[in-house]
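Make a model of the complete structure from these sequences and hints.
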Amino acid sequence: VEAERLAKLACNCMGFGRVTSDRVSQVLELIPKNQFMQDSQGKFVWNVGQDPTAWKIYRTSLGSATREPEEISSLEYSNALVDLVTQGLTVLEDAAVREIAAVFGFKQLTTRVRKVLKGSFAKAVSDGRLVLSAGEYRVA
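Going left to right, the sequence shown walks through residues 1 to 140 as our numbering numbers them.
Bear in mind the hints are in silico, worked out from the structure with no lab data behind them. C-beta atoms are modelled at their ideal positions from N, C-alpha and C, and glycine is treated no differently. There could be a bad hint or two in this list.
[To be verified] Now the in silico label distances, taken between C-beta atoms and shown as ranges: (1) VAL139 to ARG23: 17 to 25 Å; (2) GLN87 to GLY49: 13 to 21 Å; (3) PRO32 to LYS118: 18 to 26 Å; (4) PHE16 to LYS56: 16 to 24 Å; (5) ARG114 to PRO32: 29 to 37 Å; (6) ARG98 to LEU62: 14 to 22 Å; (7) GLN87 to GLY119: 21 to 29 Å; (8) ARG18 to LEU132: 24 to 32 Å; (9) THR86 to THR20: 39 to 47 Å.
[As the list claims (entries may be wrong)] Straight-line alpha carbon distances no greater than 27 Å define the calculated DSSO-like cross-link-like pairs of lysine-lysine that follow: (10) LYS33 to LYS123; (11) LYS8 to LYS43; (12) LYS56 to LYS43; (13) LYS8 to LYS33; (14) LYS115 to LYS56; (15) LYS33 to LYS56; (16) LYS56 to LYS123; (17) LYS107 to LYS33; (18) LYS56 to LYS118; (19) LYS123 to LYS107.
As structure tokens, this is what we get:
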């Protein structure tokens, strides 16, 4: 879970209507440092004993439970793309952006959404999980 989102949700559950950045910082200080992971999207909090490098699944956005593009780890985007490519053997780069945007509930392909997705896809390629060749993603 993206760290700031987690802190704000926790505060909202405790009845805080407006959550200041100071309050977010106070909440985040309560979380052990070894539960944080920084990636290209930001800082994320993982459960105790959960290894982010072994995480191969992703959470889709359903109904009104939406997340902003930056509130989703690049790892989740990468996992979704690997899943998509595995199902179809290859996926065109533009089709990958559209499909993964839909998986995460983004109704419009804004410049912001495209930038976030393409950055996460580049990480999947640099990590050796996928290959991008002639505009198509393939399993490495």
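A quick look at each hint next to the structure:
no.: 1; hint: VAL139 to ARG23: 17 to 25 Å; verdict: violated, 44 Å
no.: 2; hint: GLN87 to GLY49: 13 to 21 Å; verdict: violated, 30 Å
no.: 3; hint: PRO32 to LYS118: 18 to 26 Å; verdict: violated, 33 Å
no.: 4; hint: PHE16 to LYS56: 16 to 24 Å; verdict: violated, 35 Å
no.: 5; hint: ARG114 to PRO32: 29 to 37 Å; verdict: holds, 35 Å
no.: 6; hint: ARG98 to LEU62: 14 to 22 Å; verdict: holds, 19 Å
no.: 7; hint: GLN87 to GLY119: 21 to 29 Å; verdict: holds, 23 Å
no.: 8; hint: ARG18 to LEU132: 24 to 32 Å; verdict: violated, 43 Å
no.: 9; hint: THR86 to THR20: 39 to 47 Å; verdict: holds, 44 Å
no.: 10; hint: LYS33 to LYS123; verdict: holds, 24 Å
no.: 11; hint: LYS8 to LYS43; verdict: holds, 14 Å
no.: 12; hint: LYS56 to LYS43; verdict: holds, 18 Å
no.: 13; hint: LYS8 to LYS33; verdict: holds, 18 Å
no.: 14; hint: LYS115 to LYS56; verdict: holds, 22 Å
no.: 15; hint: LYS33 to LYS56; verdict: holds, 23 Å
no.: 16; hint: LYS56 to LYS123; verdict: holds, 14 Å
no.: 17; hint: LYS107 to LYS33; verdict: violated, 35 Å
no.: 18; hint: LYS56 to LYS118; verdict: holds, 19 Å
no.: 19; hint: LYS123 to LYS107; verdict: holds, 24 Å
When the structure is compared with the earlier hints, violations turn up for hints 1, 2, 3, 4, 8, 17 and for no others.
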